[in-house]
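A.B. asks: Sequence:
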Amino acid sequence: MSGSTTTDLLERADEVRTLARAHASSAETNRQLHPDVVHAIGASGLFSMLVPRELGGMEVEVVTMVRAIEIVSRGDGAAGWCVMIAATVGVTAAQLPRDGAVEMFSDPTIATGGVLMPRGRATRVEGGYRVSGEWSFGSGSGHSEWLLGAAIVVGPDGPEMVADKVPHVRMMFFPREDVVIHDTWHVSGLRGTGSNDFEVQDVFVPDRRTCPIGGGEFWTNAPLYAFPLFGLLALGVSAVGLGIAQGALDAIRELATAKTPTGSRRLLSERAAAQSGIAESEALVRSSRAYLHATITDAWERVVAGDKLSLEDRALLRLAATTVALNSAKAVDICYNLGGATSIYEGNLLQRHFRDIHTLTQHVMVGPPTLEVAGRIFLGLPTDTSVF
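In terms of this note's numbering, the sequence shown opens at residue 1 and continues consecutively.
If you're looking for bench data, these hints aren't it; they were derived computationally from the structure.
Beta carbons are placed, not taken as given, at the ideal position from N, Cα and C, and that holds for glycine.
Some hints here could point you the wrong way.
Per label pair, the in silico range of CB-to-CB distance [what the hints assert, rightly or not]:
| no. | residue 1 | residue 2 | range |
| --- | --- | --- | --- |
| 1 | GLY216 | ASP8 | 29 to 35 Å |
| 2 | GLY306 | GLU254 | 43 to 49 Å |
| 3 | ASP8 | GLY367 | 46 to 52 Å |
Straight-line Cα separation of at most 20 Å, EDC-like style, residue types lysine to aspartate or glutamate; simulated pairs [said to hold, decoys possible]:
| no. | residue 1 | residue 2 |
| --- | --- | --- |
| 4 | LYS330 | GLU280 |
| 5 | LYS308 | ASP298 |
| 6 | LYS165 | ASP384 |
| 7 | LYS330 | ASP313 |
| 8 | LYS308 | ASP36 |
| 9 | LYS330 | GLU217 |
| 10 | LYS259 | GLU177 |
| 11 | LYS259 | GLU346 |
| 12 | LYS330 | GLU282 |
| 13 | LYS308 | GLU217 |
Using the sequences and the hints, build the whole thing.
C.D. replies: Structure (structure tokens):
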């Protein structure tokens, strides 16, 4: 993308941020994004950030993706999360058969969602697969036109294998009308994401709407698609965390200039603990952002030069994503604690940022076990890298 195009996209993301913040309470209450926010995201091009340009997508650089997601998440973590999910699902457009990619991704205003964990079973039939399964954490289920559910392909003798002890797993795309959505998303944080369970039973999925997870061929050699899908997902999750943390900093700065803590005659902003705490949070957010962008830029330069990302390169991306998510949570905790009792009220943004960030840190892509896997890779130890 040109510099001017990137600037335009980030400006549109900022417009979405403002709208999402205005509708954040509605999203929490209804446990899905407000329709005006969904429309604005679609019109902005954010849903199609990672869709190939040949299909009408934006095919942005990875660092642009994380910047845009952070901006939206600063206004509402749930809106940023839904942008992240749709954007990363869009990567599959470069791997699907062309007719399937055109069918699902040629309209940049349409949202997609889904789950990469293989909770379904697929049986080969003429022209495609019969699929049944139930998936948890179907983010964007309230507004997505297409939902992805990964499934293990099974035959008469059990799961098909593509390598020793490695089952054949495929991504299956279902139109909304083929999916039953269960009202399960009753949670503490990121409520507006609508991450309900969804189910299909004996649904036919034509070949054009399926592609393998890992090992599949892409029909474009653009640098973006040299990044691993799970790595892009983890980077997107960390970008949501950065946005939530920046939103918490915005909220505590505003509160600090207006609140006089109980038992004090001075504004919160005049207290040393508040000053040092806000400075520490600022450092956590800024250093994490710089670390994330630098790690992505290093990897981007490699793929632009025509190199493949090594296992260690992929581990560095995942390490950055996890570290940024954990540091973002630390920054939010500091801001929340500085707000005192004011932070616990529903009308105060700090309680929402607190709940959202601690929901985010439970995601498998940025959980503490990621650090162990990365460490094993750096030490040259045998490691399961199936989601790296």
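A.B. asks: Now tell me if each hint is right for this structure.
C.D. replies: Cross-check of the supplied hints:
1. GLY216 with ASP8: 29 to 35 Å: 32 Å, holds
2. GLY306 with GLU254: 43 to 49 Å: 48 Å, holds
3. ASP8 with GLY367: 46 to 52 Å: 35 Å, violated
4. LYS330 with GLU280: 10 Å, holds
5. LYS308 with ASP298: 12 Å, holds
6. LYS165 with ASP384: This hinted pair holds, its Cα atoms lying about 12 Å apart.
7. LYS330 with ASP313: 26 Å, violated
8. LYS308 with ASP36: Status violated; Cα separation ~41 Å.
9. LYS330 with GLU217: 40 Å, violated
10. LYS259 with GLU177: This hinted pair is violated, its Cα atoms lying about 50 Å apart.
11. LYS259 with GLU346: Holds: LYS259 and GLU346 sit about 17 Å apart, inside 20 Å.
12. LYS330 with GLU282: Roughly 11 Å separates the two Cα atoms, so the pair holds.
13. LYS308 with GLU217: It holds: about 14 Å lies between the C-alpha atoms, which stays within 20 Å.
Checked against the numbered hints listed earlier, the structure breaks hints 3, 7, 8, 9 and 10; every other hint is satisfied.
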